[in-house]
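Undergrad: Listed below are the residues making up each chain.
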Amino acid sequence: MGKSLWIDLTRRKAIVKPTGDELIGKFLGGIGFCIKILYDMTCPETDPLGPDNVIIFASGPVSGTLWPASGRLQVAAKSPLTGLIGYSNSGGRFGPFIKYSGFDFIVLKGRSARPVYIVVYDGKAEIYEATDLWGLDTWSVEDEIKSKHGDVEVACIGPAGENLVRYSCIMTSKFRAAARTGLGSVLGSKKVKAVAVGGSRGVEVANPERFFELVDKAEQLIKESPFTKTYSRYGTPLLVEPMSHIGRLPTRNHQTGVFPLAEKIGCEALERFKVASRSCFSCSFHCKQVLRLDGVTGDHPEYETLCSLGSRVYVGDLESIIRWNWLCDKLGLDTISTGASIAWAMECYEKGIITEEDTGGLKLKWGDKNVVDELIRMIAYRRGFGDLLSLGVKRASKIIGRGSSTYAMEVKGLEIPAQDGRAQKSMGLAHATASRGADHLTHCTFLDEIGFEDAVRERFGEEYLPEMADRFSPKFKGLMARENEDMTIAASCMVMCVTGGWLFPPLFWWRELAEVYSSVTGIEMDVKKLKLAADRIAVMRRAYLIKHGVSRADDRLPERFLREPAPEGACKGQVVELNEMLDEYYMQRGWDVKTGLIPRRKLEMVGLSYVAEDLERIGKLPR
Amino acid sequence: MRYIQVEPSICVQCLRCCLSCSYKMEGFFSPAHSRVQVMNSKKGFGIPLLCIQCPKPPCVEVCPTGALELTEGVVRLDESKCKFCKLCVDACPIGCIRILDGRVIKCELCLDVDIPPCVKHCPTGALKIAELSHDERNAMLFSLSKMISE
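Chains A and B, in that order, give the protein sequences. Numbering follows our numbering, with no gaps: position 377 of the first sequence is 378. Numbering follows our numbering, with no gaps: position 52 of the second sequence is 705.
For reference, chain B alone in the conformation it holds in the complex:
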């Protein structure tokens, strides 16, 4: 399964991932509308944050309507079932489910294209595509949560 791997130490915070993501998903450039958000770490590099498709996703566990579902390794949102309770927003340990313009938005990996735009336009390789096992995704979640709390 093809996932997006995050390597914060080489993220230069150019926001090209946010720009290209917002364009693909919304048809215009607006970092606020991006499914990937970039946080500034105290160490000077950026932390690109996007849904890492947790093997045991807490957002799916708390979703009371079944709008969020883990299918074939991807946490997918069915907007028609979403009641905007925002429990998923609070449940995500790295803040990668957000409410914008009255909608819940999250990354679903852009499996319709070979290379997701955020990866394609990243100048340093801080975002790249990779086959990631359960354990590797859990490790990524652990390290990102640690970084953002520092």
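In isolation and in its complexed conformation, chain A is listed as follows:
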């Protein structure tokens, strides 16, 4: 039986509890645990930056094993950026090392009076003073803690998290981020600079023969996949040029999806800095490229960062982007929201909405490297105009007014990542409906990106072709979004990387996941039961949002995507047919099409009657 660690920072007390059969049976692990705990322990009145918020670091049943790409960490808390459910997932090694430390997950609640860090090692937790670490960047914190405590993995915040920047992140293994929804500021509000985990508790598997057979098959499939070679060589930066080619690389705050300088910041351009490849824990893909610049050796900027600090702010200088990526990592900033906030301000400046009076004299011209560089630091330390940007574009545009919200590229308060629904319709739907706000990784609707027809045929059926694999067609995108969202949830329960062969490249699917789960846990799981668990978790996540007032009206997109036809590129003239896709998505989910609320029978079907009672009490069941 697994154990979980609950730390009350106010009382400086740690309690060890059994993880429990109910939690394991109904919510599997990882994201499932996180959502259940957040639903039970936080409510609309919970201040995300107050002591009542909880933050969870979770592993899953497959964490710590030899399954390829099973080394993810799942973090969650109520989000200070969106005021809704916040969740983020990170690579590196921290997730499995929670297991080796003796626990399935760690929950922090309350608030410490002074800065502290926590070390969890071989079943024990110690809280240490962190006054000396407060103010340090994330790389220095990791070095300091490792030099004192040896063989541990560190998750920590930088100055941005301490300063409660609404989109500050949690960094692990120096370069991997639980980036989105501002979870760094939750740690900052609790005065926790870092959590370190380590130890030598072994992870067993119930049926080793079956497990190793599955691993061998998976390794073979990975080796043979036509995507592995390029993905291993380049990682996500390989997307930059093709995405610009199809008009999906957000440029100048989403004014267009074509970036004329894409080649300068693409994967081939990155090669000249490359010194090695790196992998997250237990991953055969090793999609991280190690670069050397200015005497620093560190990981490459991901596709998302090449967009947010590149095309989105119209910078085509790769060296600058590499430096800013590391700067954001060290300061503890989500590069997506950072770049998106700067891009919003630049467009407002272009349109004359924001002037030098607002910025303290800064001229926010597209592509001005000095401005971007200065703003990143100003945001992290909340200096001058940076203080406004540190709130995220939704809050900032409300404060500025003057029609600036038209250019706020966000949904539910989370800045839109590096896709454009006009160039890939399913991404429009994903951005609109994701629980954490605009997101590509809640639904992972990758099948129409380059048109995975074979995967569509195999996973859904011939009758969904050609539309489902066609990125311009809104048809069947609700079905794909629902199915891929469920798979993403299931993989994030384990906790596996969604791009470890599940959602990309399309190698494994439900049957394999059920088999891996069964072989590791000894709990026989079939596809039907696994899908039901994923559905239950999706329903509970939605119920959390509904309790916070979310309905269909909030599953929206900025007007730009609905009314401004894509100006150029392969997607020229396209807009997002959101309503049509939303109808199909709700229908697929079994939610009320008119309101986006969840009917009682659906809640009962997934075994969440008590959630139905909660929603009934506040009048949030559809009539």
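No lab work stands behind these hints, which were simulated from the structure alone. A couple of the hints might just be wrong.
Pulled a few chain A residues facing chain B out of the computed Cβ check, cut under 7 Å [said to hold, decoys possible]:
1. T66
2. S201
3. V291
Quick reminder that beta carbons are idealized off the backbone N, C-alpha and C, glycines included.
Fit chain B to the supplied structure of chain A, relying on the hints for placement.
TA: What follows is chain B alone, placed relative to chain A:
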């Protein structure tokens, strides 16, 4: 004689060698229990470290009880003779003899299987099986010691 050859420049530090090693030797996954350890080099790649079976093993030379012996090209540990003096731990130039849970642990090449699990599950070929002469093993020792001291 079949040895394990280490090629650090292509090691991606996934720890799949450590995981599979710990499972074979202990019956559970725990990188701490692995006979191969992976170090991060300043150059960005990993350095997989495992006993390279030195032709003139310093660990055998310092062992006062004869628990460590070089037989048929492999440095073998007889746990029943080990008195935990840890002299071997200090003697190994690349730190490949370790004490864990009150035991001395080291790689003995998994000669009971065709392909050692660390080699089998390595995704890049940073660990591979090879026939290695005395000189080649000495050269590997030299280059690994140099790398870890950099």
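Undergrad: When the hints from earlier in the document are held up against this structure, which numbers fail?
TA: none
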